[in-house]
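**Student:** Let the sequences and hints guide you as you build the complete structure.
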Amino acid sequence: MSSSASRRFDRYVPVDHTRVAFDGGFWKSWQETVRDVTIPTQHKRLEEDGFLEVLDFDNPPGPLARPIQPSGLSMQHFFDSDFGKWIEAASYTLKNHPNPDIEAKIDAIVEKLEHGQMQDGYLNSWFIRREPEKRWSNLRDLHEMYSMGHLLEGAVAYYEATGKRRFLDVMIRAVDHIIDTFGPEPGKLRGYDAHEEIELALVKLYRVTGDPRHLKLATWLVDERGQMPSYFDDEARRRGEDPADYVFETYAYSQAHKPVREQTEVVGHAVRAMYLLSAMTDLAFENDDPTLKDAADRLFADLTGRQLYVTGGLGPSGANEGFTRAFDLPNETAYAETCAAIALGFWCSRMAEIDLDGKYTDQLETVLFNGALSGIARDGEHYFYENVLESHGQNRRWKWHYCPCCPTNIARFITSLGKYFYTTKGNEIAVHLYGANVAEFDLDGTFVRLRQETAYPWDGDIRIALGLFEPTDLTLKLRIPGWCRNARATLNGRDIPLVPVKGYAEVSGTFKDGDELRLSFDMPVERLYAHPAVGEDAGRVALRRGPVVYCVEEADIGIEPQRLRIAPDARLEPRYDTDLLGGAVVLEGEGYEAAADGFDGRLYRTAPPDLKPKPFRAIPYHLWANREAGAMQVWLAEE
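So for the sequence shown, my numbering puts the first residue at -8; every next one is plus one.
These aren't lab readings, by the way, just hints derived from the structure by calculation.
Cβ atoms here follow ideal geometry from the backbone N, Cα and C, with glycine treated the same way.
Please note that the accuracy of each hint is not assured.
[Said to hold, decoys possible] Pairwise CB distance ranges (calculated):
| no. | residue 1 | residue 2 | range |
| --- | --- | --- | --- |
| 1 | GLU240 | ASP433 | 37 to 43 Å |
| 2 | PRO58 | PHE438 | 53 to 59 Å |
| 3 | GLY201 | PRO175 | 21 to 27 Å |
**Tutor:** Structure below.
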């Protein structure tokens, strides 16, 4: 690693999420719901659905809760990952909101994991109980390192929340086993998991332990990925299989078709791709490696320029849970897995840590208010796996899922939300996101309290008040959202200029206790039009106000929104509706209904449908499917 004086990257460090309190506004109720409803009910689902039974190491395994698929994979192969993510989400709540019951439930899981761990450190409930002789025989399909990675993230979060080392030590022994088994040294396997995840988890572990072996392993796993001849081919032959019989046909599915630095298009399984890119970005900083950052930038440009839904969703196909071709963005069949949007948020936040650029945090904000948040119902215990942009009423939220990776993922995203709002470097505070909260910082030994008062995202006015023990030299880097066309600011009532550089405006000076900065972001209703190569959206328009993307539901207009037409000059008025699922800004306007009158039982006729005046209202996309069943549409026909 280069010395700090010659580093190419100088990281902005995320604030500890426990030092950001959402004491009002939009995120307060979401965090309370996840803490008080989501986390307890998820543990109940894990029990009811047989997930925790897999940790009963003293008894023979029972019938499979998830049968083997034709591919040879059972969802049960990676049950460990689901309670690993649940532990992580729950841990994020414990430091500021101690809960002896939740802590006892975590300790019970940890005790079973420690009890079942093999003598050499190996830890995977499926193989220990069912097929110990097959461990590490199929990295291509069976998710062993992936599951250990999520357990590792849970262990780091639990240690940081409680100071308890038991789980952390269990997972360090598991990592020691991986280090002993895999690598370039003679006698070791040159393998890596087809489902990325452990790579970013190892960086988290390294930042806790400082053990260079943990960073070295993460680096090797990323560098080895996609090297030819493929390890997956050799592994298949050792199992007596023909590598050509691979169900997904190409290793692009797991981003292992070529070395990561040579990849120019985001391909394959969307969640895997985002986890890999998150790890690559971490390693770009830790190893001061611009080649990884350059690759990440190329792939970011490909994703955002050709493959991303307007909601921040990604991965249009259910066949590979991922990408197909450029500009293939179907609405009704969109896969757009909740986990993928969340993982994109992980990656964007990491990119902004080493390159403070609003193009990353703009995407993080889009994900947060739209493509990720749509994955959880307002009641905190119903979910979406896929996040379509159009429905005829067939899409309803479920209490649990055959593969419930998304519920625990959205829980850990929301409970750790504070760390995405702010990062620091020296005497600088970068403000990435806006919402009512109080944050505390220690900047080179100087205490700073920053309070945001705002109704954001429903309103673009933000008051930032500073609390200081003594006058202090500070630099605030304020993100000016990419959607904002007019931003204004005052400091203690005096106008100050905002000159954004890469999406951030700098306000520097000697600040004193009680200084007040006010920001105002204009929030008109905007119409968005898709690239003409996106054939699905030709002649259609999407509505956005601030960071929030809108949709129209049948529940609000009494007809399927597919029959709604809006004029290019139709006036759209925002209005705060206190009765809509806890309160939200809706958009109201006058449109037209394409009437069926005159078709007289015919499917086609030579004249276009008659248009009748039809008032309509649009609601935030993340709130859809919280009421009665019915049709929904994001991209509306414009006439």
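**Student:** Note whether the CB distance of PRO58 and PHE438 lies within 53 to 59 Å or breaks it.
**Tutor:** holds (56 Å)
**Student:** Is 21 to 27 Å right for how far apart the beta carbons of GLY201 and PRO175 are?
**Tutor:** holds (23 Å)
**Student:** Holds or violated: the 37 to 43 Å window for the beta-carbon distance between GLU240 and ASP433?
**Tutor:** Check failed, 52 Å falls outside 37 to 43 Å.
Hint compliance for this structure: hint 1 alone is broken.
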